[in-house]
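Novice: Those protein sequences? They're chains A and B, same order as listed.
Letter by letter, the first sequence follows residues 3 to 577 of the numbering used here.
Letter by letter, the second sequence follows residues 3 to 577 of the numbering used here.
Worth double-checking, as some hints may not be accurate.
Because identical chains share one entry, a pair is satisfied inside a single copy or across any pair of copies.
[As the list claims (entries may be wrong)] 16 Å max Cα-Cα, derived EDC-like pairs, lysine to aspartate or glutamate:
| id | residue 1 | residue 2 |
| --- | --- | --- |
| 1 | LYS128 | GLU519 |
| 2 | LYS99 | ASP292 |
| 3 | LYS431 | GLU123 |
| 4 | LYS99 | GLU80 |
| 5 | LYS65 | GLU511 |
| 6 | LYS14 | GLU123 |
| 7 | LYS99 | GLU144 |
| 8 | LYS411 | ASP221 |
| 9 | LYS65 | ASP193 |
By construction, these hints were calculated from the structure, which means they are not laboratory data.
Because the structure is a prediction, the values reported are computed rather than measured.
2 protein chains.
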Amino acid sequence: MRSSQYLLSTIKETPADAEVISHKLMLRAGMIRRVASGMYTYLPTGVRVLRKVEQIVREEMNKAGAIEVLMPMVQPAELWQESGRWDKMDAELLRFKDRHTRDFVLGPTHEEVITDLVRREITSYKQLPLNLYQIQTKFRDERRPRFGVMRAREFLMKDAYSFHLSQDSLQQTYNAMYQAYCNIFSRLGLDFRPVLADTGAIGGSMSHEFHVLAASGEDAIAFSDESDYAANIEMAEALAPQGERAAAKQDLAEVATPNAKTVADVATLLQQDMALVSKTLIVYAAKADDKAPQTLVALVLRGDHELNEIKAEKLPQVQSPLVFASEEEIRAAISAGPGSLGPVGMPIPVIVDRSAAHLSDFICGANKDGYHLTGVNWDRDIKDYSVADLRNIVEGDASPCGKGKLVVKRGIEVGHIFQLGERYSQALKAGVLNEDGKHQIMTMGCYGVGVSRIIAAAIEQNHDENGIIWPDAIAPFQIALIPMNMHKSVRIEEATVRLYNELTAAGFEVLFDDRKERPGVMFADMELMGIPHSIVVGERNLDNLQVEYKNRRSGEKEMLDISAVVEAMAHKLAK
Amino acid sequence: MRSSQYLLSTIKETPADAEVISHKLMLRAGMIRRVASGMYTYLPTGVRVLRKVEQIVREEMNKAGAIEVLMPMVQPAELWQESGRWDKMDAELLRFKDRHTRDFVLGPTHEEVITDLVRREITSYKQLPLNLYQIQTKFRDERRPRFGVMRAREFLMKDAYSFHLSQDSLQQTYNAMYQAYCNIFSRLGLDFRPVLADTGAIGGSMSHEFHVLAASGEDAIAFSDESDYAANIEMAEALAPQGERAAAKQDLAEVATPNAKTVADVATLLQQDMALVSKTLIVYAAKADDKAPQTLVALVLRGDHELNEIKAEKLPQVQSPLVFASEEEIRAAISAGPGSLGPVGMPIPVIVDRSAAHLSDFICGANKDGYHLTGVNWDRDIKDYSVADLRNIVEGDASPCGKGKLVVKRGIEVGHIFQLGERYSQALKAGVLNEDGKHQIMTMGCYGVGVSRIIAAAIEQNHDENGIIWPDAIAPFQIALIPMNMHKSVRIEEATVRLYNELTAAGFEVLFDDRKERPGVMFADMELMGIPHSIVVGERNLDNLQVEYKNRRSGEKEMLDISAVVEAMAHKLAK
Chain A
3 MRSSQYLLST IKETPADAEV ISHKLMLRAG MIRRVASGMY TYLPTGVRVL RKVEQIVREE
63 MNKAGAIEVL MPMVQPAELW QESGRWDKMD AELLRFKDRH TRDFVLGPTH EEVITDLVRR
123 EITSYKQLPL NLYQIQTKFR DERRPRFGVM RAREFLMKDA YSFHLSQDSL QQTYNAMYQA
183 YCNIFSRLGL DFRPVLADTG AIGGSMSHEF HVLAASGEDA IAFSDESDYA ANIEMAEALA
243 PQGERAAAKQ DLAEVATPNA KTVADVATLL QQDMALVSKT LIVYAAKADD KAPQTLVALV
303 LRGDHELNEI KAEKLPQVQS PLVFASEEEI RAAISAGPGS LGPVGMPIPV IVDRSAAHLS
363 DFICGANKDG YHLTGVNWDR DIKDYSVADL RNIVEGDASP CGKGKLVVKR GIEVGHIFQL
423 GERYSQALKA GVLNEDGKHQ IMTMGCYGVG VSRIIAAAIE QNHDENGIIW PDAIAPFQIA
483 LIPMNMHKSV RIEEATVRLY NELTAAGFEV LFDDRKERPG VMFADMELMG IPHSIVVGER
543 NLDNLQVEYK NRRSGEKEML DISAVVEAMA HKLAK
Chain B
3 MRSSQYLLST IKETPADAEV ISHKLMLRAG MIRRVASGMY TYLPTGVRVL RKVEQIVREE
63 MNKAGAIEVL MPMVQPAELW QESGRWDKMD AELLRFKDRH TRDFVLGPTH EEVITDLVRR
123 EITSYKQLPL NLYQIQTKFR DERRPRFGVM RAREFLMKDA YSFHLSQDSL QQTYNAMYQA
183 YCNIFSRLGL DFRPVLADTG AIGGSMSHEF HVLAASGEDA IAFSDESDYA ANIEMAEALA
243 PQGERAAAKQ DLAEVATPNA KTVADVATLL QQDMALVSKT LIVYAAKADD KAPQTLVALV
303 LRGDHELNEI KAEKLPQVQS PLVFASEEEI RAAISAGPGS LGPVGMPIPV IVDRSAAHLS
363 DFICGANKDG YHLTGVNWDR DIKDYSVADL RNIVEGDASP CGKGKLVVKR GIEVGHIFQL
423 GERYSQALKA GVLNEDGKHQ IMTMGCYGVG VSRIIAAAIE QNHDENGIIW PDAIAPFQIA
483 LIPMNMHKSV RIEEATVRLY NELTAAGFEV LFDDRKERPG VMFADMELMG IPHSIVVGER
543 NLDNLQVEYK NRRSGEKEML DISAVVEAMA HKLAK
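Take the sequences, apply the hints, and build the full model.
Specialist: Quick look at the structure:
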């Protein structure tokens, strides 16, 4: 492709409205333009990358035995009413009426449509398992779209749905998808991690997220420094500290702590480490039935630890989703305010985090405003309590896999695989005749890849101050061919055109920058666009029948004989 | 692909709700399923065909110098308000509000979005011409969607838009697109015709439709039997009959024609050919200004010819769009009813079709209820009239190209190229600095291909009583590999698996029907799906180390040595 016949659309200035680096660089490199909030046109450079990502995803899905279908973006409300999500989903589900005032939605996902299809098409266990996927445009009416295509309203996804009659069969397809996703992200050339994920409110039994690692990532991921263990920080188990709890040495004592509102205040006042000050949080207890009055539960953690709300709301004693009691509710139950609570003499059930339960001679609120207790010891001073994993892990915690310590890194979620179970198949009565000739509801898995989001994540991970650094596999062009002052030198032009013809004939994707621009402008644009390999044709090197090669990522330069360029590039791009 | 690992979803019964053959066969062959009125899921077989069509279109667009972009399906109302189409378009334009109650549309086409993009990105004549295309999902809220994907609400289109500063430049790109479209439809293996089309109400100067010929086509197309001339029937010029008009022989005479309401009645009553009876239609005249009172015009045609409304409304004397006068309006102006009108003594302007103007001694209404005139002659009996091309051509008319006679065939429109001019660029003020440094509005072309519609059109053209007959280029699979009773014979299974591995290794797309089905069921399914080449592996032929080849289109069978199958298929598929 010659630049003069292409739409480069690079921008020098950093766009004011872009917050993250990938958004800025996608705008500056001429990949996308905003049409409306959260909606983008992909310019030619953006489309080239998008199609490459799409193709790699398609190939690996096919290889893993998934079969491609294509469902409509507009979906009838009836299916969403049948699954129950018409009422459950908030305004993110964009609803509208057609000319006959029938209700429709713009599909943010396709569980309903695919389950409806499969219940009509599949009648026998002999046709299972089945794994259907599509690469298709989705719409999610985000309240606050941002970060460019990272959190857009309209976006391209690969979504797959599998159908089974047994958990074993589901697990097999799940494993195949896990492997396919590893293959996809490896082929894309990205540093990624599969991460154990929370299955959330949907239920389901098993879930992994695939994260592209990047310092700017939204999500925190806990890794073992000695094994493959990786989990979403919400999911990572905090083990109980090793060894026996130290024996009690101090007596229980009450101290006045006026004006000490926080754990930090108390620690400072008493000149103790925050780890020795416990904190007590009061939340709604789970109700036995809807009509029972609301009761409360106390959660106790070390002062230097953070409550993990997802862990807490999974406890049978605690209401899900988690609700914190108000100050009024707390005072009514405990007769002290939030700053002075503690497990000693607590009139409501007490659940203690594993690490807090390992403390001895610790400090807690006295359940009396303005007072704390010191020298507190479990079992001696508090008899009735239970222990659970309640906290977020922190760096240095022992890895729950048993090997190494946890390290926290940041990631961008680009894929998600999920054992759905019967959530949708039950609601839509999607079953088949099993081997015994009986009607049986199918069990399902679903597997998503954010195709357009991958582009942003790849840039967050691969860029420098000059612009994007594409992995070879998804670069818009493989090679930038840059002649120096071609419009003044017939010799340069002839040599460059010859190289261009040779390289394209050999199957390389070359962007030949034939614009009448200063070399500096061309170098800057090619670097900004992140083209991984550059070849510069200049007068002086031409005297030696050579051109200069530059690697975008390493910055390394080398001289190549003009006659050996095609071979050299084949070698570099095969790597 | 093995059938057992695929989703065949063929149906024996003809679906009741499908009206046209392509819709029936797409359902029966397991290509599509209805999700809602005018919305379909493409099953795996449908997707395979869709992706092939898409890829051929993409390759030919790229080859012709167009550059791929991707615009959102959801578009902000502001752009449609700016172009004026927000108000002009009826309910086909699906409008909705997002969560912030801002107005949006589901894009049925992208002139507004692309013109907005180009006015922001392109500033100088040096960046022109520019031809941008996308392959993207569109939504048109048809009042009555039907014929499956032929007239769906959600459909896949290739739409391209070109930008220029001169008519010459537009014409060049238009010609390139004309050629690209010929290449596309040739590669798809379809019998098609580019057809001169009406530019309609949008204005614009030049337009061609590309039609796939099929007896079931919606549109009538006029061809010359001796040249390349082809035009939409609305566009085909009806030439004046050759030679001098015959001299008048009869005297003008009035005859009573009571109860003769139609041309046919009059011809029967007077025992004359309908071609000798003229008919007179009264329509609204064009007004000089909005406040002038409405006046009328008489259009005179031969009784055996049909008025072409598009030709009529293009005349400067006639109001556009065409409005026929009511009986009251006619009686007020002429004092006779519609059944008794004629040009003799007509008090309003008379425009005569070229063929009617060539009549002598003809018959017309007497402008007096229940009476006609015979022996009527132009110039002698009617002095004041003008002549124009007013009628639809009929088979046998001389071709307007000067060569041969016109033949009428039916076609399905699958492509449309159009010189838009400044319709959108003017409304959106999309201009650049020209060579003189002055701001100049760009002129535009647009070029559409109905990607999903092509599939239906291809089937309308290529099918028989057993199902679809795919052209090689867009067949879901190239080869059907059918073992006879494989599940009872290890020898058959081994031979078939070996062939399957050889054929797929050689790059062929093979559907290996490994189902436990009777041979008859497998043959019927493979024929229904239209797979162009079949190879049947049977016990008896295997004794001679042979398999049977069958061509889906010709029905011809031949025996192939097992060792020569790959070579034979390479030969057949290279054709």
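Novice: Need the list of violated hint numbers for this structure, in ascending order.
Specialist: Going through the list in order, the structure violates hints 2 and 9 and respects the others.
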